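S.K.: Using the sequences and the hints given, assemble the complete structure.
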Amino acid sequence: MVQRFKRKVRKQRGSMHHGYGVTKGHKKAGSRGGVGNAGGKRHEWMRSIKEGRKFGSQGFVRPPRASPPQKAINIGEISEKIDEFVKKGYATKTGKDITIDTTKMGVTKVIGKGKAKKMTVIAESFSASAKEKIKKVGGTAKIAK
Numbered sequence: 345m346v347q348r349f350k351r352k353v354r355k356q357r358g359s360m361h362h363g364y365g366v367t368k369g370h371k372k373a374g375s376r377g378g379v380g381n382a383g384g385k386r387h388e389w390m391r392s393i394k395e396g397r398k399f400g401s402q403g404f405v406r407p408p409r410a411s412p413p414q415k416a417i418n419i420g421e422i423s424e425k426i427d428e429f430v431k432k433g434y435a436t437k438t439g440k441d442i443t444i445d446t447t448k449m450g451v452t453k454v455i456g457k458g459k460a461k462k463m464t465v466i467a468e469s470f471s472a473s474a475k476e477k478i479k480k481v482g483g484t485a486k487i488a489k
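Under this note's numbering, the first residue of the sequence shown carries the number 345, and numbering increases by one thereafter.
It cannot be assumed that every hint is accurate.
Quick list of in silico lysine to aspartate or glutamate cross-link-like pairs, EDC-like style, CA-CA up to 20 Å [to be verified]:
1) 462 <-> 428
2) 453 <-> 468
3) 453 <-> 424
4) 475 <-> 424
5) 475 <-> 445
6) 459 <-> 421
7) 453 <-> 421
8) 486 <-> 445
9) 437 <-> 421
10) 479 <-> 445
11) 480 <-> 441
12) 459 <-> 441
13) 480 <-> 424
14) 461 <-> 424
15) 489 <-> 445
16) 425 <-> 441
17) 461 <-> 428
18) 431 <-> 441
19) 461 <-> 445
20) 461 <-> 476
21) 432 <-> 445
22) 432 <-> 421
23) 457 <-> 445
24) 462 <-> 445
25) 431 <-> 421
26) 462 <-> 427
27) 461 <-> 441
28) 431 <-> 445
29) 462 <-> 441
30) 457 <-> 424
31) 479 <-> 424
32) 448 <-> 468
33) 459 <-> 476
34) 486 <-> 441
35) 461 <-> 427
The hints are simulated quantities; they were obtained by calculation from the structure and are not laboratory data. Bear in mind that the values here come from a model prediction, so they are computed numbers and not experimental data.
M.R.: The structure is reproduced here in structure tokens:
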């Protein structure tokens, strides 16, 4: 095949240590994994038998893009910003009853940090402490469908 371009040669001529810092860090048997036959899956074998380690990767890691991003809000933040949420249309006030729909905000979960006020909160999911705090003050926690 015809060579269309010449690759740059990176042999580090003129470099004293060739990218290994101080030379003594790249000299002796320790940097090569041991002397002689060491390294052929032998020098770590007894330790792996004792500790029960397995070779290779284990299990399955789900790619982060496969799960939709979760957005959470604290119950204390909801209680503080009720008037702001009413103005934006996320909440409705009828007399003393307040209903807040967190799904309109793009929030998926309500978390129980802060003080709660008496209100009805609609969300996809609640933490156990958030449900407990809402019920303690006389409010209701509804799961959105």
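S.K.: If a hint holds in the structure, say so; if it does not, say that too.
M.R.: Against the structure, the hints come out as follows:
Using a Cα cut-off of 20 Å, the hinted pair residue 462 and residue 428 holds, with the two alpha carbons roughly 17 Å apart. Annotation: proposed proximity of residue 453 to residue 468 holds, straight-line Cα distance about 6 Å (limit 20 Å). Distance check on the hinted pair: residue 453 and residue 424 sit about 17 Å apart at the alpha-carbon level, within 20 Å; holds. For the hint linking residue 475 to residue 424, the alpha-carbon distance of about 17 Å falls within 20 Å, and the restraint holds.
With a CA separation close to 15 Å, the supplied pair residue 475 and residue 445 stays within the 20 Å bound. The straight-line distance between the Cα atoms of residue 459 and residue 421 is roughly 9 Å, inside the 20 Å bound, and the hint therefore holds. With a C-alpha separation of about 13 Å, the suggested pairing of residue 453 with residue 421 holds against the 20 Å cut-off. This hinted pair checks out: residue 486 and residue 445 have alpha carbons roughly 9 Å apart, not beyond 20 Å.
The hinted pair formed by residue 437 and residue 421 meets the criterion: a straight-line CA distance of about 17 Å does not exceed 20 Å. Taking the CA atoms of residue 479 and residue 445, the gap is about 17 Å. The hint holds against a cut of 20 Å. Taking the CA atoms of residue 480 and residue 441, the gap is near 16 Å; set against the 20 Å cutoff, the hint holds. A threshold of 20 Å between alpha carbons decides the hint, and for residue 459 with residue 441 the separation of about 18 Å falls inside it, so the pair holds.
For the proposed pair residue 480 and residue 424, the alpha carbon gap of about 18 Å is at most 20 Å, so the pair holds. Distance check on the hinted pair: residue 461 and residue 424 sit about 9 Å apart at the alpha-carbon level, within 20 Å; holds. Of the supplied pair hints, the one linking residue 489 and residue 445 holds, its CA atoms being roughly 12 Å apart against a limit of 20 Å. In summary, the hint linking residue 425 to residue 441 is supported, as the alpha carbons are separated by about 15 Å, within the 20 Å threshold.
Using a Cα cut-off of 20 Å, the hinted pair residue 461 and residue 428 holds, with the two alpha carbons roughly 15 Å apart. Distance check on the hinted pair: residue 431 and residue 441 sit about 16 Å apart at the alpha-carbon level, within 20 Å; holds. Restraint check for residue 461 and residue 445: the C-alpha separation of about 15 Å stays at or below 20 Å, so the hint holds. Restraint check for residue 461 and residue 476: the C-alpha separation of about 12 Å stays at or below 20 Å, so the hint holds.
For a cut-off of 20 Å, the pair hint linking residue 432 to residue 445 stands: about 11 Å separates their Cα positions. Distance restraint check for residue 432 and residue 421: the Cα-Cα separation of roughly 15 Å lies within the 20 Å cut-off, and the hinted pair is therefore satisfied. With a CA separation close to 18 Å, the supplied pair residue 457 and residue 445 stays within the 20 Å bound. This hinted pair checks out: residue 462 and residue 445 have alpha carbons roughly 14 Å apart, not beyond 20 Å.
With a C-alpha separation of about 16 Å, the suggested pair residue 431 and residue 421 falls inside the 20 Å cut-off, and the hint holds. The hinted pair formed by residue 462 and residue 427 meets the criterion: a straight-line CA distance of about 14 Å does not exceed 20 Å. Pair hint residue 461 plus residue 441 holds up; C-alpha atoms about 11 Å apart against a cutoff of 20 Å. Restraint check for residue 431 and residue 445: satisfied, since their Cα atoms lie roughly 13 Å apart, inside the 20 Å limit.
This hinted pair checks out: residue 462 and residue 441 have alpha carbons roughly 8 Å apart, not beyond 20 Å. Distance check on the hinted pair: residue 457 and residue 424 sit about 12 Å apart at the alpha-carbon level, within 20 Å; holds. Pair hint residue 479 plus residue 424 holds up; C-alpha atoms about 18 Å apart against a cutoff of 20 Å. Straight-line distance between C-alpha atoms of residue 448 and residue 468 comes to about 11 Å, which keeps the hinted pair within the 20 Å bound.
Between the alpha carbons of residue 459 and residue 476 the distance comes to roughly 11 Å, so the proposed pair stays at or under 20 Å and holds. Taken as a hint, the residue 486 and residue 441 pair is honoured in the structure, with Cα atoms around 15 Å apart against an allowance of 20 Å. A hinted pair counts as satisfied when its Cα atoms are at most 20 Å apart, and residue 461 with residue 427 qualifies at roughly 13 Å.
Against the hints set out earlier in the document, no violation occurs for any number.
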